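If you want the building blocks of each chain, they are given just below.
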Amino acid sequence: MKRLRLVLMGLMLMVPAWSGPVSAETLITSLSNHRVLINSNYTGTSIAVFGAIERDAQTIARATGYDVVVTVRGPRQLLTVREKQKVGPIWINQEQQKFPSAPAYLSVLTSKPIAEITSDQLRQRQKIGLRAIISAPDFTYVRGGGADREFREALYRLKAQEGLYLEEERGVTFLTPDIFRASIPLPATAPPGEYDVQVVLFADTVILASTTTHFELVKTGFEEQVGAVARDWSLLYGLATALLALAFGWLANIIFRRD
Amino acid sequence: MQIYLPIAEMPVSVLLILGMGAAVGFISGLFGIGGGFLMTPLLIFLGIPPAVAVATQSAQIVASSTTSVLGAIRRNALDRKLGAILVGGGLVGSALGVWFFAAARRAGQLDLVIVLSYVTLFSVVGSLMLKESIREFWTKRRGGTVRLRRQAGEHAPYLGWPLRMRFYRSKLYVSVIPILLLSLFIGFAGAVLGIGGGFIVVPALLYIFRVPTNVVVGTSQFQIVCTTLVALILHAVMNQAVDMVLALLLIVGGVFGAQFGARIGRNLRAELFRFLLAILLLAVGLRFGLELVLQPEEPFSLTAQEQRQ
Chain E
1 MKRLRLVLMG LMLMVPAWSG PVSAETLITS LSNHRVLINS NYTGTSIAVF GAIERDAQTI
61 ARATGYDVVV TVRGPRQLLT VREKQKVGPI WINQEQQKFP SAPAYLSVLT SKPIAEITSD
121 QLRQRQKIGL RAIISAPDFT YVRGGGADRE FREALYRLKA QEGLYLEEER GVTFLTPDIF
181 RASIPLPATA PPGEYDVQVV LFADTVILAS TTTHFELVKT GFEEQVGAVA RDWSLLYGLA
241 TALLALAFGW LANIIFRRD
Chain C
1 MQIYLPIAEM PVSVLLILGM GAAVGFISGL FGIGGGFLMT PLLIFLGIPP AVAVATQSAQ
61 IVASSTTSVL GAIRRNALDR KLGAILVGGG LVGSALGVWF FAAARRAGQL DLVIVLSYVT
121 LFSVVGSLML KESIREFWTK RRGGTVRLRR QAGEHAPYLG WPLRMRFYRS KLYVSVIPIL
181 LLSLFIGFAG AVLGIGGGFI VVPALLYIFR VPTNVVVGTS QFQIVCTTLV ALILHAVMNQ
241 AVDMVLALLL IVGGVFGAQF GARIGRNLRA ELFRFLLAIL LLAVGLRFGL ELVLQPEEPF
301 SLTAQEQRQ
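Taken in order, these protein sequences are the chains called E and C. Take the first sequence: its letter number 196 is residue 196 in the numbering used here, and every next letter is one higher. Take the second sequence: its letter number 53 is residue 53 in the numbering used here, and every next letter is one higher.
So here's chain C without its partners, still in its complex pose (with noise of 0.2 Å):
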């Protein structure tokens, strides 16, 4: 069955669509993460227009995460001191990256910023979680315990920081700077990237601030879910390629599909589910390497820019 997208102006495969928003969703509600880097790739591949596909992906995140962010409220899974912190610094980073991404833009590589910008982040965040978690599984294989636990005396000094902050449903007791940092950090790259960072987030949630895996994911989806909401909005006033017939399938097929991913995700083992998500992370990043290194099939591209008369 095919339909017609307006804004997008070509015609798709209902169950197609369909399918694609229930795949992504599945890893977005398993991850935490937004899972935007999955779907934009996906969409241009199907010959959408990349403005439109980059504008309308951010819709299913929203509804996927918010249905995420309901289920962590509804399990006590979500910290919303820390998730407000990640907020506010994550828009003040996105402002920041939307002036760099207009100053790339005018030095002529922008493509080249994003692709290398891509392959650096994944690759760095996923063999440090690669490399972490057969760690743990080596560990645990010799009989020995993983400190799962943080036991006193192991914090990292700038933890201790001025500005403490304690956040009881992490059980962290903290300075504020180093967060916000983080937080600025990722609204920067969401913005220069056009993704919601979500898989930075997790990460460094995990591993620098230690926070129990069930709240981590709480809590990153409620980021992200604030984030894309400005950015959804921003694109359909500045950029108009918000298609929503698009957005509508992907949607449907997304929330049920993240769904699943959740419940999956939630009885899945701690050091198996980093393990998956630091394979996922290697495996794009590999793939936009490739596409740099590799000699192109077709060295030409075209662009087009509409011409209003």
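Looking at chain E on its own, in the form it has when it is part of the complex (with noise of 0.2 Å):
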């Protein structure tokens, strides 16, 4: 927010004619679903967010439309890379790099491609964009080596590869010239728990306005349960599953007894 702040306090510098105090718009965000239900027949979802820019009577009138960026961040994991260089004859592990907190599922809808949106160091600054995150600074540990650049750009591609990490240009549709929708893709490998839902609005490269939101993936009824047993009462949990495999086999031997 505070940088939010300081963005708004340039927009009132740029235009100084304006007198009294000037209000921008505001950005109302909704998604259509706070809480996902895992169940047995689960194979993905899509979550739907609605958008409406509100204008007041002393709002200046804009030259060009207004732009959306909705960015989704899953839960944080600690993520290694690994590179297999080739050491005499055979190719093992070598360098590898750790990413401290990279969120397990990221994607970015924009309602045109991102460069045309925001200038560069903008989009730097204020991780607007799949590069943009991921080449930020804080991502990674920092490492001696000079192929940091190579190994971001491998876990980009291999989180890309699973479905996990995307970036649409025309994510986000506008249904009026106020009120635009977007549509988050989740596929079912994308991992149970917190995601945050940031929605930034812009107008001829400037931000004007964010919100954040968040929904929740949750294991429901016998997959939560298991889940449950597995974590708190692993000897018994461990113990049932032997059990359930010797009756199995026992039972197969009964059914099969014919020599």
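Calculated from the structure, these hints are not laboratory results. Certain hints may be false.
To be verified - Listed next, the in silico DMTMM-like pairs over lysine to aspartate or glutamate satisfying Cα-Cα at most 20 Å (straight line):
id, chain 1, residue 1, chain 2, residue 2
1, E, Lys84, E, Glu169
2, E, Lys98, E, Glu150
3, E, Lys112, E, Asp204
4, E, Lys86, C, Glu298
5, E, Lys127, E, Asp148
6, E, Lys86, E, Glu150
7, E, Lys112, E, Glu216
8, E, Lys127, E, Glu168
9, E, Lys112, E, Glu167
10, E, Lys127, E, Asp196
11, E, Lys127, E, Glu153
12, E, Lys84, C, Glu298
13, E, Lys98, C, Glu298
14, E, Lys86, C, Glu297
15, E, Lys127, E, Glu116
16, E, Lys112, E, Glu169
17, E, Lys84, C, Glu291
18, E, Lys84, E, Glu153
19, E, Lys127, E, Asp138
20, E, Lys86, C, Glu291
21, E, Lys84, C, Glu297
As the list claims (entries may be wrong) - Residues of chain E clear of chain C, computed beta-carbon distances all greater than 10 Å:
id, residue
22, Ala115
23, Gln121
24, Asp196
Nothing here was measured: the structure is a model prediction, and the numbers come from that model. Just so it is clear, CB atoms sit at the ideal spot from N, CA and C, and this is done for glycine as well.
Each of the two chains sits in its own frame; use the hints to bring them together as a complex.
Okay, structure coming up:
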């Protein structure tokens, strides 16, 4: 919010001719679902984001239209990227780089190609867009080697192959000039946990407003109970699985007893 | 039909998992091996986290091996005394293996240790067996008789070490020391490589101790059930990585496959049996060997570690 205020102050300085307080647009967003339930036939889902841009009488007229960037970040993970290198005749893991709190899922949906929405510097500073998030200095531990960039690219590439990191340049659609919607695709491999949805409103390469909401991906019913028992009663769970295996082995022996 | 796995936290196709269980169960029943070295890579290939794959497939091994052991008991093809000694030594070996596992992980090259051991073990055991079975084929073709039975004075010297024991079912009268050494080694390799060790027990009993083929399968399955049961419970307690739904699917597929495998295995000629097992082991060894030598298409790999907040 501090940064946002700075941006707003910058805006005010740019339009000194207006008298009185300049109020910019207000952004209102809502998710179709704040709690996604995983049951036994869950195969992924999608969540809709709706947004409206409110203007009051004092809001200045915009020469260009609005642009919106929706960034969704899943639960944090400690990721390690390793690189195989040839040592003698064999390939073994040599260099590695750790990413201490990379989101397990990361998607960026925009209303048009991100390079056209705002400048490179602003993107880097505000971490707008997948590339900017991945190349942020605090995304990884500082490492001695110079191949830092390759490891960040590898992380992006491997995550994108799993469908967990994605950027869609037409992912946000404007229904009217002031109302937009976007659909967040969640593949089945996206892990349960807390997801943050950040919506940033732009006009003419400048940030006007932003909101952050959350949704939660949770296991329910049988899936949740199995998970809880495996975590809290692990010995019992292990014994139960072992008994199950023995019982099935015995049962098969009975069924197939023909000779 | 898709089903969501509660511990692996991803959906899988029910039919695919049932089919995989049946295929690996068939091979396991046929050769009297656990099949873990085949199932684990398959599950990881489907995208199931490696820890969950290793832990869960042990449940399937328990189930299909239980069936084989019960069948072997009925056919009187289990040497209980030999089996008990193998299990006892195997548990001690496992403890040593777990210690070595932790040491290799601290040194940072656990992956390399595992792949190198796979390559060496599988190619050495596989090619020894292949050589043996080709020689048998050759002798038979030239009209010679294959000496499957032991003959007087044929014993290797280490079989006559002190502490000799009589194993009636296996028609053995040998020293316990080489058997204990074998079981220690199997327990050790099993803990380090996450395998039951059936593919080492079977050739060792066949070639070193010359135990009859039908007794070999039953006895090795008995040893596998016992060590894998311990491994399954340890995995559930220490890593919480056993997925009961996945286990159930693999078990249902596996027990059926194992039945048919065991049936066909009983009708297979002994030398053909050894030849096929040798080919299987060599193929797996070769696969791991290629992985080590060929330039990888994607030199980078990604591993995740959950962060509990």
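Worksheet item: Hint numbers the structure violates, sorted upward?
Response: Result: hints 1, 7 break, sorted rising.
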